[in-house]
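Colleague: These protein sequence lines are chains A and B, in that order.
Once you know that position 109 of the first sequence is 129 in our numbering, the rest is easy, because the numbers rise by one and skip nothing.
Once you know that position 110 of the second sequence is 130 in our numbering, the rest is easy, because the numbers rise by one and skip nothing.
What the hints contain is simulated information worked out from the structure, not anything from laboratory work.
Computed from a prediction, not measured in an experiment: that's the story for all the values here.
C-beta: ideal position from N, C-alpha, C; glycine also.
Check before you lean on any hint, since a few could be wrong.
[Unchecked claim] Counterexamples of contact, computed for chain A against chain B with all Cβ distances above 12 Å:
1) GLY37
2) LEU86
3) LEU94
4) ILE99
5) VAL108
6) VAL111
7) LEU115
[Unchecked claim] Heads up, simulated BS3-like pairs for lysine-lysine below, C-alpha to C-alpha not over 30 Å straight-line:
8) B:LYS157 / B:LYS221
9) B:LYS104 / B:LYS221
10) A:LYS46 / B:LYS157
11) A:LYS46 / B:LYS104
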Amino acid sequence: MVEVLDSPYIRTARAKGLSEGAVLFKHGLRNALIPVVTILGMDVAFLLGGVLFVESAFALLGIGLLAVQSVFNLDVPMIMGTVLFSAVIVVGANLIVDLMYRWIDPRIKSAH
Amino acid sequence: MSEPLLAIRDLQLDFRTGEGWARVVDGVSLTIQVGETLGLVGESGCGKSVTALSISRLLPTPPARYAGGSIQVQGRDILTASSKELRTVRGGVVSYVFQEPGASLNPVFRVGNQILEALQLHQPTRAHDDEVVRLLKLVGIPAPESRARDYPHQLSGGMQQRVMIAMALASEPKLLVADEPTTALDVTIQAQILELLLDLKRRMGMAVLLITHNLGIVGDLADRIAVMYAGQVVEEAPARELLQNPRHPYTQALMNSVPELGHPADRLRTIPGTVPAPGQWPTGCRFAPRCPVARPDCATHPPALLAIQSNHQVRCPYWNS
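So here's chain B without its partners, still in its complex pose (with noise of 0.2 Å):
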């Protein structure tokens, strides 16, 4: 197989706080090869989020610091890279698409000029105002020569995401980093959005690191699905497999708790107990106090993330009963 477009190995990285450091990320491995979408699932604060922004290094140091582990992007090492090295990274192989857009967005300048400034640090040849009316078409984006002229605030929450979208695609990345691009709108437009997406790796062949807490977006999206819980990947299979054959007791909670429609439950199932904070994870089993199925010994012996297919990982030593 060719050279992974991103490689994280065995990532660790900590967090400062009142008490010292606490680790927030413990060894998380992930690959997404040239074209793929990788779906990266978890409840808030298990570490997703912190994970894609290391990709780029957007994470300010201190309070954040690398305790171990490397991530390579097209072969060159994140982590100990100079920062014009990362310039080049940031945008022109790797771009983000952030939720909350109207907080993304820079309120004081128009969101042509905020296009512009990104097409003019990677594609300089085609850095004009018609090549930024032609991403904003490309986005979906109605009237887009005076959409241009607008300030971030003139625009809805989806026309902002559109607005995101077209500035991470004027730098033509291999990989767009996507992280809960839709948690903070409608579901109608959620679902626009995801389209949207969807329809612009297929015509652009970008990989895609889609980050989101909501199951029942991915399966749709991504051609792998990694689950994070506490810090750590839990089970990482090809979408469908995962989907359909969750082998992970925290997968399986997650999927019951997705809602069905048209299937009126008394109540909405959710998974008991909260997540543990950084820094006060479990010894053995992270998951094994909310575990339905834990045994005595869970909460002792940390599992190790196994191998149960050629593609499937499962981190619980007890996945096949």
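The following block holds chain A by itself, in its conformation from the complex (with noise of 0.2 Å):
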């Protein structure tokens, strides 16, 4: 966001006339969600591996107890299971990642 706010086109924008809080919240947020939306896509990734943790740790039900539980019954179709559905899901994270990369920075588009 720093950075964003240093960029010519913020001068542009102040140089309108804009208040400041729509030059920051209109032409710096967008420019500067594009790293933040990458981490995000990445975080699904981790979110899944803690899940296999805290749900044991607190028996909380849902699909890191499940795995845990199922590779302590040795339940193989259960495991594959699992494995398919979280690798489905940080697929389908980071598509969305990528289906917002176009719609936050035009630029992106033309580069495919």
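If you follow the hints, you should be able to join the two separate chains into one complex; please do so.
Modeller: If you want it as structure tokens, here you go:
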């Protein structure tokens, strides 16, 4: 965000007479969003990893606990199921991130 | 004479550096009358761009600091204005066209919307798509209806600069500040953009502050020219007078360094040495170390700006020899 606010188009927005709020939220925020969205996508994978421990530790019913129990019970179809399901979620999250890139920054559209 | 549109008096501007404050603009005074074109010429780092940005206080403070002087736009004091007053001046009275149009347009908004935004702020009754198309047509963009829906990266550099100009004109400013508008463009496009500026200025009766490091282009466009060196104005005169009778050695050196077409020289003429960095200016005349006609006392006595004619000022006591 700090980097974005130094860029010439922010100066252009100020030179137009926009209020400081409009400069920051309209012209600044959207340009600063790309790295944020990238991290969000990666966080989904970490979230699924963390869920294994959290759900086991606090005995919460969820895919994490299900995966851990199926490993202990050597329930192979259930292990495969939970891993595949997690994979689909991660891939889906990355797809959403990629689609959001196109919406946030129209320059990315023409690169493909 | 009526009140000038812009009056900068004895402006002093500092920038924060590692070792404290460095002065980058030191006692610059400029006035622009309604409808007048002033060319501001100087090498990189002489303070001309920051002077121009100060007109609507666009420099972030810090790192900048106004140490003295005043700026008045239509009689309003800019350096003490509230942020609300500033917003009516920005765009409403003073519009900017920056260098590097590609970086100065927001990449994530369609160019039509960026022009519309300027209309909404200052001309709300005309803020509709037809007006955007009219403005794009005015600056010579072909197929303006479909171009308005383009993003900046889909346009060429020349087209981007035309969009910047359309955006600056949308609010019908009294003063257009063009900060090296053609530096990032190739030569044929440069001529087109400058012709467009000149044509629009005549039609709309705006005043223009044209900042450039190219003396060749200001002669055709400007009514008056001010030459800056190391944070000071060293010479100011009507354009024709200045180009025919340059009195300051720096102005003369600048003019000599413009290469002429059709006169092949063995070497391009340059001014020896480099511009001193802000804060490291010589004590006497700031140009003395590079001046071909410097005398011993030049290095110790800072020269004052002398009026050698009613409208010609020179910062050199030996202008006549």
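Colleague: Starting from the hint list further up, note which numbers the structure goes against and sort them upward.
Modeller: Hint 1 contradicted; others consistent.
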